[in-house]
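Undergrad: Chain residues, written in single-letter form:
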Amino acid sequence: MVDRTIIKAANLNSYFGTVQALKNINLEIYKNEILGIIGPANSGKTTFLRALNRLNNLNDTYSQTGEIFLDGQDISGVSDNILRKKIGIIFALPQVLPVSIYNNIAYGPKVHGITDKKTVGEIVENALKKAYLWDEVKDRLDLPAPRLSGGQQQRLCIARTLAIEPEIILYDEPCSGLDPISTAKIEDAMQQLKENYTQILVTNNTKQAARVSERCGFFLMGELVEISETTALFTHPEDQRTDDYVTGRFG
Amino acid sequence: MSTARGREKTAFIILGFATLLVVLPIVLTIFYIVKNGFSAISWEFITQSPRNGMRQGGIFPAIVGTIILIIGTMVFSLPLGILSAIYLVEYARDNAFTRLIKLSVVNLSGIPSIVYGLFGFTLFVLFLRLGTSILAGALTLSIMSLPVIITATKEAIEAVPYSFREISFSLGATRWQTVRYCVLPYAIPGILTGTVLSLSRAAGETAPILFTVAAFYLPRLPRSVFDQVMALPYHLYVITTQVPNMPASISFATAFVLIALVFLMNLVSILLRVHFRKKKQW
Numbered sequence: 001m002v003d004r005t006i007i008k009a010a011n012l013n014s015y016f017g018t019v020q021a022l023k024n025i026n027l028e029i030y031k032n033e034i035l036g037i038i039g040p041a042n043s044g045k046t047t048f049l050r051a052l053n054r055l056n057n058l059n060d061t062y063s064q065t066g067e068i069f070l071d072g073q074d075i076s077g078v079s080d081n082i083l084r085k086k087i088g089i090i091f092a093l094p095q096v097l098p099v100s101i102y103n104n105i106a107y108g109p110k111v112h113g114i115t116d117k118k119t120v121g122e123i124v125e126n127a128l129k130k131a132y133l134w135d136e137v138k139d140r141l142d143l144p145a146p147r148l149s150g151g152q153q154q155r156l157c158i159a160r161t162l163a164i165e166p167e168i169i170l171y172d173e174p175c176s177g178l179d180p181i182s183t184a185k186i187e188d189a190m191q192q193l194k195e196n197y198t199q200i201l202v203t204n205n206t207k208q209a210a211r212v213s214e215r216c217g218f219f220l221m222g223e224l225v226e227i228s229e230t231t232a233l234f235t236h237p238e239d240q241r242t243d244d245y246v247t248g249r250f251g
Numbered sequence: 001m002s003t004a005r006g007r008e009k010t011a012f013i014i015l016g017f018a019t020l021l022v023v024l025p026i027v028l029t030i031f032y033i034v035k036n037g038f039s040a041i042s043w044e045f046i047t048q049s050p051r052n053g054m055r056q057g058g059i060f061p062a063i064v065g066t067i068i069l070i071i072g073t074m075v076f077s078l079p080l081g082i083l084s085a086i087y088l089v090e091y092a093r094d095n096a097f098t099r100l101i102k103l104s105v106v107n108l109s110g111i112p113s114i115v116y117g118l119f120g121f122t123l124f125v126l127f128l129r130l131g132t133s134i135l136a137g138a139l140t141l142s143i144m145s146l147p148v149i150i151t152a153t154k155e156a157i158e159a160v161p162y163s164f165r166e167i168s169f170s171l172g173a174t175r176w177q178t179v180r181y182c183v184l185p186y187a188i189p190g191i192l193t194g195t196v197l198s199l200s201r202a203a204g205e206t207a208p209i210l211f212t213v214a215a216f217y218l219p220r221l222p223r224s225v226f227d228q229v230m231a232l233p234y235h236l237y238v239i240t241t242q243v244p245n246m247p248a249s250i251s252f253a254t255a256f257v258l259i260a261l262v263f264l265m266n267l268v269s270i271l272l273r274v275h276f277r278k279k280k281q282w
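Just so you know, the protein sequences line up as chains A and B, in that order. Mapping of the first sequence onto my numbering: position 28 corresponds to residue 28, and the numbering continues sequentially without gaps. Mapping of the second sequence onto my numbering: position 1 corresponds to residue 1, and the numbering continues sequentially without gaps.
Here chain A stands alone, though its shape is the one from the complex (with noise of 0.2 angstroms):
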């Protein structure tokens, strides 16, 4: 078989100050998968994700030990922003820039340099038929983003980051501020971005991660306790304590 991994954490600790958030992560994503990772709140899912990408070390007290490889490459090499253009982010709640939309979108092209206007242009307008928002917005991309409702904004989030081509888009609990039709269209954009992207979705519904992911791991207290493909980590997890979560007997 083919090596299809394009992630792979190396005996990964986190730590915040004196505190660990992580606790020797060890986990390979593959290319093109949407990795589910479920857990209850404090469980380190959301410090590993931000620490594919790096914003962990926004904060100052932050530091971490072991490996992260992207495409066979130890990232820690690799600068900020061109490892940030690779890996895009999706916030828990839709972070527009108070611009219009088009503004909102074109910002990424034109932190990389595109100036060109008609290629910009083309940029959003694939972004966001992509995101399935460009029906929606097509006649008023000059509207303030937060003026379009809480489930546009959060397409429009997943526009923006599709804007800079990355390869991986992280989803850190995209839908708990949605109602379930808005929800319903992140999933099925989603679906359709599988075809050229890597996904890995943090969320705190277990359903959504069983809806939507084809492996799923489970986080629990910083410890990754099971990571297997979904149905089976559902329907006969390995260990009790993954079966008593996505039973419902805690979270």
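Do not rely on the hints blindly, as some may be mistaken.
[To be verified] In silico PhoX-like pairs for lysine-lysine, Cα to Cα no more than 25 angstroms straight-line:
1. A:K138 / A:K31
2. B:K9 / A:K110
3. A:K31 / A:K8
4. A:K117 / A:K86
5. A:K138 / B:K278
6. A:K130 / A:K110
7. A:K138 / A:K8
8. A:K86 / A:K130
9. B:K278 / A:K117
By construction, these hints were calculated from the structure, which means they are not laboratory data.
Go by the hints and put chain B onto chain A.
TA: Coordinates of chain B only, in the frame set by chain A:
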């Protein structure tokens, strides 16, 4: 119910009275100045040099001097103040040393202006041998303005939501791109307010320019930055205390011009703020 409403009324009266107490002196002062000085205001008063021991003629050199000093102060203190505030908020790591610097900056804004005057006199006039000159005066006023500009800019930058920075970093922007596109545009209105406030104060200060630039009587305009100039606050001090038989209306008219100048600066900043707010809204 009735006691709650009674208390509400008492609170309303006390708060309203406090506001009145603050506003009233300002309104009265301006009214008094206009009432006593307006008769002396004329085109000649604004455009001519003083004559006859400053008892006649205008205050043109002092107006020009004050405007030159404001511009000079702006040139030195704006870039330095804004850049160091950006560094303190966005670049400097949060440690004891940084906190000490931030605390010192805040405390520096509480130092009496005469101390800055003496400091400027020692450093610029004597040690750096700039003499009593526009350069020395503008530098002294700049040093006095810096703490306020830095503090105001720092607060305006800190008020920009952290999420804007996070969005920018997450899209692969560098720190400078983030500051340039996602922080500064939203901080500009606040920076403007603080800056103009501190420049207004600089325009009206006498103590810092007393030993560093201000001329007692110099009817011609300056030819270089090494010249002395007359300045409105110092001129006002001179004609009210040092010149016998001075018509009071000229003093009041001079005060009126100084207030009008400061008001004009604030007006410009308000218009700029409205302009920037229109472009960016959140």
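Undergrad: I'd like to know which numbered hints this structure contradicts. Please list them from smallest to largest.
TA: 1, 2 and 7
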